[in-house]
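Generate the whole structure from the sequences, applying the supplied hints.
Chains as they are written, first to last, in numbering that gives the first Met the number 0: chain A, 0 to 428; chain B, 0 to 208; chain C, 0 to 93.
Heads up, a few of these hints could be off.
Stated by the list, open to error - Negatives, chain C to chain B, calculated, CB over 10 Å:
#1 VAL22
#2 ALA30
#3 GLU39
#4 LYS46
#5 THR71
#6 THR85
Said to hold, decoys possible - With a straight-line Cα cutoff of 20 Å, these simulated PhoX-like cross-link-like pairs (lysine-lysine) come out:
#7 C:LYS77 / A:LYS345
#8 A:LYS345 / C:LYS84
#9 C:LYS77 / C:LYS46
#10 B:LYS45 / C:LYS84
In short, the hints are calculated from the structure, not lab data. No experiment lies behind these values; they were computed from the predicted model shown. Beta carbons are placed, not taken as given, at the ideal position from N, Cα and C, and that holds for glycine.
Take a look at the letters that make up each chain.
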Amino acid sequence: MVSGRLLSDSAKSCAEAADVRRILTDGGAGPEGLAAHLERHGALASNRLSSAWRVAMVRETERAGLLGRGGAAFPTGEKMRAVLSETRQPVVIGNATEGEPASMKDRVLLAQAPHLVLDGATIAADIVMACEVIMVVHRDVRPMVDYAVDERLQMGVDRVPIRVVTASERFVAGEASAAVNWVDRGRPVPLGKPPRMSERGVGGRPTLVQNVETLAHLALLCRHGSQWYRQIGTPEEPGSMLVTLIGSVARPGVHEVAIGTPVSDILALGGGLSAPLQALLVGGYFGSWLPSDTTIALPFSALGLGVGLGAGLIVAFPAGACGVTETARLARYLASQSAGQCGPCKFGLPAIAQELEALAEGRPARMADLDRWLAEIDGRGACSHPDGVARQILTALEVFHDEVVQHEEGWCTASGEDFVLPLPTGKSR
Amino acid sequence: MSAVAATSSHLPWMWLVSRGSGLVLLLLFTAVFVLGISTRLGSSSKAMPRFAVAELHRTLALFAVAMLILHVATAILDPYVSIGWWATILPFTSHYRPLALGLGTLAVDLGAAVLLTSLARRRLGHRRWRVVHWLAYLAWPLAFMHSVSAGGDMGIWWVAALVWGSASAVAVAVGARVLAAVRGDGVSRRSIPAPPAHRCLGTARIGGG
Amino acid sequence: MYGLRGGLRTSTPNWEVSMSNPVRLRVDRIACDGRGLCAELLPELVKLDDWGYPIIAECIVPASLEELARDTVDICPKLALWLEKTNAEMTIDR
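Structure, rendered in structure tokens:
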């Protein structure tokens, strides 16, 4: 049972659930062109080559408390400092791999406001004095990004060359070292051992890997400052974030909300529930299941409470669906998405999936083994894939406890027809 | 040199030591080879856990180096035949029976590469160490052919038995290794049956409800 | 176990660890192949899971086991183990 954190009064006055529109546009007709972008946000500062500007920007990023929007919520300022402390000239990667199948925020952001993201990338490159920016983007939005980069090239907006690469579609491909590995060697699997990407990444250079949403926030931060940035959100985690809302809501889609917005308000943004709620899956397919009575605000980062919004996925799981079956489907998918480099993940995940499938079908399942394996895979891979799977399944077994007991006794009360959780079919590259 | 020649003309002890150490060396090299393969393939037992096999492999390899030095030194220093010290490292350059001895020299060269890379394996990293280590598969047959052609004691029944016994042991070990490679994995795992290709789970009404 | 090994200085940082520095046993999960020599040699700190892969205790290597830990690092056929210098924070006894 997860107890959320209540908003304090002062934070509540800052948080605005509806109509937060910092990075997203109004949607509408296609991606925002360069001219429209400049009109909406204004031009970037022209003194971006001085060390005074660089120092000031890092400080502003830290003061603003900008956290990475890729799921790990790592402080951006700290990452920049780490890259700056290296001697070789670094590289910036704008990461829009979005390997999580249910998440759409990075694609929507690039489809709406590619120039804001590219601004952020070019600013990041100027801060760390990078020699190149590499945008690793989901193939759905490759055309928009190519076009935007072209526009900028013609106008001579960026000091540093921007290269666009189509991302791999594997689940683990979005992990920072996997993105670097993909760019360098065409292998979308995590590298695992030290050093960190901020020390040695693409071509052996220190690499600043940032999610594209983080870059969009950085672009606004550069223009408006940290005080402005902290105007919404919570004191500990200021700013706005993108959430992908799917499942049994009237209007599934991507919304921008202030961090610290209660879940109920977010569901309202999606037009409210279209069916009674059974549970929530938050963070991603590697995130946490929560009981349906979770209406309070969830923190952005998972530190301390063990659950957070992370990559911003919220699945409204309806009452008619079978949580056990969906968890088994998820487990099998996640097992197939293992990079297969580490034994505990390569062998443990399929074993876990197999027991869950047995449970889902009412066959005898080795629950004691399942519990043990879930405990054992945590932290024993080169990346956090097994950790995320363990967390998600453990929370599922908690939230769907009654249903698990029913399945163990051989019956299931679910009534729905379709599966709730979207999973890709066929092999992904 | 002539004084040594004078004393040894009655008792060619250097030549005897060289031949004897050669035989021991072959046996050691065989043991090292088989143990090396066993480290990779053999299953563990209480009496001989894997780390013990690995340690024994290393220990015997170093012991074999000592034996090799003895074997080569006595062969070179023996005044009865002239071999030339450069033949220890340059194959087929010996005055006496260059082909037979050259095979031994080649085996030593390869073995030296294996040994030196093993001593420096942490610095080299696993991949580079491994590539050179495979030369052992070439070194052993060369040493064997050297033994058979240069040894000269194959007429003695128990020498021949040991030599051909070593060859059998190596053949079995190599066979096992090849088999394991073909099967995909040399180390056994608790097998988890593969999931069926496409299973429709559905919201199964698996009982009542 | 061999003076020869101890006498060979390598450039790998954590190879020669003095007795007074707290260290933890770490494994490179990608290099590890589940050969199991580590669990044989150091069962106090290493157990194997159902598939033969090591589950390593998180705690600092006790001084009495430090020599054995170094031998374990050396015996790994995939060079997947190393001793990581750490602050004396995690003293969880397992």
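Hint check:
1. VAL22: The claim stands: VAL22 of chain C keeps its Cβ more than 10 Å from every Cβ of chain B (closest is about 16 Å).
2. ALA30: With a cut-off of 10 Å, ALA30 of chain C comes too close to chain B, as the shortest Cβ separation is near 7 Å.
3. GLU39: Its Cβ does come within 10 Å of chain B, the nearest being 4 Å, so this is violated.
4. LYS46: holds, 14 Å
5. THR71: Contrary to the label, THR71 of chain C does not stay out of reach of chain B, its closest Cβ about 8 Å off (not over 10 Å).
6. THR85: THR85 of chain C is indeed farther than 10 Å from all Cβ atoms of chain B, at 20 Å.
7. C:LYS77 / A:LYS345: Given pair LYS77 of chain C, LYS345 of chain A holds - Cα atoms ~18 Å apart, limit 20 Å.
8. A:LYS345 / C:LYS84: Judged against 20 Å, a Cα distance of about 29 Å means the pair is violated.
9. C:LYS77 / C:LYS46: holds, 18 Å
10. B:LYS45 / C:LYS84: violated, 33 Å
The structure fails hints 2, 3, 5, 8, 10 (numbered hints given earlier, in ascending order).
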